[in-house]
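Chains C and S, in that order, are what the protein sequence lines are.
When you line the first sequence up against this note's numbering, it's residues 5 to 199, in that order.
When you line the second sequence up against this note's numbering, it's residues 717 to 874, in that order.
Since the hints were derived computationally from the structure, they do not count as laboratory data.
Think of the CB as a built atom: it goes at the ideal place given N, C-alpha and C, for glycine as much as any other residue.
Do not take every clue at face value.
Computed Cβ-Cβ distance ranges for the label pairs, DEER-style [said to hold, decoys possible]:
1) S/Asp738 x C/Ser49: 44 to 52 Å
2) C/Tyr74 x S/Glu810: 26 to 34 Å
3) S/Asp738 x C/Glu34: 46 to 54 Å
4) C/Glu120 x S/Leu732: 39 to 47 Å
5) S/Lys761 x C/Val52: 38 to 46 Å
6) C/Gln110 x S/Thr793: 31 to 39 Å
7) C/Lys196 x S/Ala737: 13 to 21 Å
Reference listing, derived: stretches of chain S covered by chain C, where coverage requires no fewer than 3 residues with Cβ under 8 Å from a Cβ of chain C [as the list claims (entries may be wrong)]:
8) 737 to 743
9) 765 to 772
10) 844 to 853
One-letter residues, chain by chain:
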Amino acid sequence: MSRVIHKFTRNVPQWRPRVTPVKLAEATPEQLEALQVTPSNTKVSDYVLTLAHDVESLAVRSPLFNAIMYDPGGMSRAERELGALGASMVNRCIYCAAVHAERHAQLEKDTRVTDELFANGEAADLNERDRAILDFARKSAGAPPAAGPKDMDALRKAGLSDAEILDLILSSALFGWANRLMHVLGDPVRQKADA
Amino acid sequence: MTHFETTILRQSGVTLDSDLADTATARANIFDMTEATEAAVLRPKDFGGFPHDLRAALAARVARLAGDEDLALHFATDAEDRIALADPSTTDAELAGVLAFVDKVANQTRDITADDILALQAAGVSDADIVRLCELVAFLAYQTRVIAGLRLMQGVAP
Chain C
5 MSRVIHKFTR
15 NVPQWRPRVT
25 PVKLAEATPE
35 QLEALQVTPS
45 NTKVSDYVLT
55 LAHDVESLAV
65 RSPLFNAIMY
75 DPGGMSRAER
85 ELGALGASMV
95 NRCIYCAAVH
105 AERHAQLEKD
115 TRVTDELFAN
125 GEAADLNERD
135 RAILDFARKS
145 AGAPPAAGPK
155 DMDALRKAGL
165 SDAEILDLIL
175 SSALFGWANR
185 LMHVLGDPVR
195 QKADA
Chain S
717 MTHFETTILR
727 QSGVTLDSDL
737 ADTATARANI
747 FDMTEATEAA
757 VLRPKDFGGF
767 PHDLRAALAA
777 RVARLAGDED
787 LALHFATDAE
797 DRIALADPST
807 TDAELAGVLA
817 FVDKVANQTR
827 DITADDILAL
837 QAAGVSDADI
847 VRLCELVAFL
857 AYQTRVIAGL
867 RLMQGVAP
């Protein structure tokens, strides 16, 4: 038995698809290539197998995702995670929020920021820089997007360079995308026993 | 095509002469890959239940829901006979369930539940088509926000 998780947590749940994922044994050569299945790598998550239903998107989206979150230069990896987390909290993607809060805490070697965010949401007690990053990510994730000149001024006042601001725009917007897959196509669940 | 010719940089007005040109060029690979993804969600070879003209109309509709009329017009040029659906106030007897889902994923993402997926399945939409629809709307959510952010960086009013 498993139950659906509704509260934000850093303890990453399982992701249970609401549609039937592609079966690996029945995958086309194009799907196998996009899934990067090799004889030594046959483990593929249900999430990626679900996205394999639209293999043309999956094939181009995976390298784009990695470039936005991990390419060198610009904004630090931890701050990109904060951009991802801000968007995921707006869209209430519990799974995305858990993964990226956990990564933020690992990269910072500190859980204070994500503890604050999950405990107090928008009213979290953050330093000026994290506050400006979070506010921009949160408002940008609004539907329609609602970040404005004051939010941009706050980023510059907090010392962010143009390269860092561009990376924040990209990482928070990327989660506008990821949330609409993860939160829409599946449920975050935990087995009863380890609930 | 250079990254300055991608939809995002053209729509946000970033050119070779812009103050942001070097900053954008440092992430040229990201703009190029984004353009490839636009092609994959708008004009895929395997389009499933959503032909290219319908995808263009839905993309224009989602751009309008995000408040981006210029981007909506960019997509609407390929909407052909489906152009009416590019207006978010329009519905369609045959596509009512699909349109309601698109609108909700676009602008009430947090309120989506398992019932929304069950409703599409009950209406005969295949699982593969549900994923295709999500990728289209989700990509637009990203693209509209990158464009809005770049305009804001240049002091263009939203």
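Right, here's what the structure says about each hint:
Against the hinted window of 44 to 52 Å, the Cβ-Cβ separation of aspartate 738 of chain S and serine 49 of chain C comes to about 38 Å, which falls outside the hint. The given range of 26 to 34 Å is broken by tyrosine 74 of chain C and glutamate 810 of chain S, whose C-beta atoms sit roughly 43 Å from each other. Between aspartate 738 of chain S and glutamate 34 of chain C the beta carbon distance is about 37 Å. The supplied range of 46 to 54 Å is therefore violated. Take glutamate 120 of chain C and leucine 732 of chain S: their Cβ atoms lie about 43 Å apart, and the range 39 to 47 Å holds.
Here the CB-CB span from lysine 761 of chain S to valine 52 of chain C is close to 20 Å, at odds with the stated 38 to 46 Å. Taking the beta carbon of each, glutamine 110 of chain C and threonine 793 of chain S are about 46 Å apart, not inside 31 to 39 Å as hinted. Against the hinted window of 13 to 21 Å, the Cβ-Cβ separation of lysine 196 of chain C and alanine 737 of chain S comes to about 56 Å, which falls outside the hint. Coverage of the region 737 to 743 of chain S by chain C holds [criterion: at least 3 residues with CB-CB distance below 8 Å; count 4].
With 0 residues bearing a CB less than 8 Å from a CB of chain C, the region 765 to 772 of chain S misses the requirement of three and the coverage assertion fails. Note: the region 844 to 853 of chain S has 7 residues with beta-carbon separation from chain C under 8 Å; the three-residue rule is met and the coverage holds.
Violated hints, in rising order: 1, 2, 3, 5, 6, 7 and 9; the structure is consistent with all others.
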